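Q: Chain residues, written in single-letter form:
2 protein chains.
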Amino acid sequence: MLLKSDEIKAAAVKYFTIYGYEGASLAQIGEEVGMKKQSIYAHFKGKDDLFLHVLQEAKEEYLYSKIKYFRDIDAQHPEKDLYGFLTMMIDLFQKNEQLKFWLRVSFFPPVHLTKVIDKEVDDVETQVRVVLEEKFQGWIDHKKVVDDSAKRLTLAFLGVVDSILVELVYGNDEKTLKEKLDASWRVFWRGIQ
Amino acid sequence: MLLKSDEIKAAAVKYFTIYGYEGASLAQIGEEVGMKKQSIYAHFKGKDDLFLHVLQEAKEEYLYSKIKYFRDIDAQHPEKDLYGFLTMMIDLFQKNEQLKFWLRVSFFPPVHLTKVIDKEVDDVETQVRVVLEEKFQGWIDHKKVVDDSAKRLTLAFLGVVDSILVELVYGNDEKTLKEKLDASWRVFWRGIQ
DNA sequence: TCCTACTTGACGAACGTTCGTCAGTTATCG
DNA sequence: CGATAACTGACGAACGTTCGTCAAGTAGGA
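Sequence order for the protein chains is A and B. -18 is the number of the first residue of the first sequence in my numbering; add one for each residue after it. -18 is the number of the first residue of the second sequence in my numbering; add one for each residue after it.
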């Protein structure tokens, strides 16, 4: 059994993701967990407070799921590991509500919370880039990929990741998604060899 | 001097882009053009009607600016023309409010208008893909790029475009943008040769 | 064990505000 | 005169938020 506050957060993630901050109402969220909107105030100070709690959890989920993947891999199989990362991202985003929330919010944050959100997003992106760049440096040193700057290869790969995220946001069918992944990946991989 | 209805549409684009459909109010838009929100009803049937008019114009702008570019180029210089397309996209998005609007709306449409919007977005994407695919076929025939399927190369390039759009949405500084463009482009170009 | 004191979570009612919308009126101009 | 476009005024509905209250559960001391 979940804590009531966790139930509320789960419902909030859902509605914030679908309708956005302004489009989601506390009444809606309350109804989802079987309570009136006033009762939410027993658990959170208000809409902003609820949103920021959800944001924090989504950030951790996003950061953890991205960084964890690269923690335990060696410097021997960039092709398998990079491609595996892309498919993992696709799987995660289709399953995990928090990642969809993070994506929407980082793209189009509610204006009065832009400052906070941009800071968090920047923090996450930086951490991911650092971890990934170390990996690419390893692959370059082991001559597994082309002898280019690790920074450039990292940015290029993150570009591929972004293009996949866009496809996920558009919510196209599985087939289109796979084609897009296949196309981007093959050209990318040929480009870094 | 603009028509008043065009002024309203221009203000609407601005606020819809910044605050989203739910976050933008007619009062705000009216104030921008120096009239009361009720007066907007002399020009549009309501908020949805205004939004859909704006959507239609943005679609045409988006479609035209993308397709026009490829109309008048030959099959001889893919490197110059493809890279030129990317820099043009960057320029346009930084100047043109309607393209930012289109981007936001196509990513996260207001739920009750999802049907209409998705249809328009799909229409545009298909048209762009067709035009681009013809170009790639020409380059393949002239042996200017790798002998792969035109469809795959098209999707891969559109992936690069998407990754640039993401960067534009994030609104990072000029330097980061150029680095990202440089990285994605170099790897892509190496990958299709 | 029983009474009390305090906490927790949810409630109805109401607050002030804003929302989109409609009706009726006034002013401008060909 | 008729048409157009702006205005004022008012509408119900929904918004986030605050208030006082009430039932249920917990803790502690006599």
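Please keep in mind that the hints were generated in silico from the structure rather than gathered at the bench. Values in this document were obtained by computation on a predicted structure and should not be read as measured data. Certain hints may be false.
To be verified - Simulated crosslink set (EDC-like; lysine to aspartate or glutamate; CA at most 16 angstroms straight-line):
| id | chain 1 | residue 1 | chain 2 | residue 2 |
| --- | --- | --- | --- | --- |
| 1 | A | Lys(-5) | A | Glu12 |
| 2 | A | Lys76 | A | Asp154 |
| 3 | B | Lys132 | B | Glu115 |
| 4 | B | Lys132 | A | Glu12 |
| 5 | B | Lys17 | B | Glu42 |
| 6 | A | Lys76 | A | Glu155 |
| 7 | A | Lys(-15) | A | Glu3 |
| 8 | A | Lys132 | B | Glu160 |
| 9 | B | Lys76 | B | Glu155 |
| 10 | A | Lys26 | A | Asp55 |
| 11 | A | Lys28 | A | Asp53 |
| 12 | A | Lys132 | B | Glu3 |
| 13 | A | Lys132 | A | Asp154 |
| 14 | B | Lys132 | A | Asp163 |
| 15 | A | Lys100 | B | Glu160 |
| 16 | B | Lys100 | A | Glu160 |
| 17 | B | Lys28 | B | Asp55 |
| 18 | B | Lys28 | B | Asp(-13) |
Stated by the list, open to error - Computed footprint of chain B on chain A, listed as stretches where at least three residues anywhere in the stretch have a Cβ under 8 angstroms from a Cβ of chain B:
| id | stretch |
| --- | --- |
| 19 | 80 to 91 |
| 20 | 148 to 162 |
Backbone N, C-alpha and C fix where the C-beta goes; we use that ideal spot for every residue, glycine too.
Q: Checking against the hints above, which ones are violated?
A: 4, 5, 7, 10, 11, 12, 13, 15, 16 and 17
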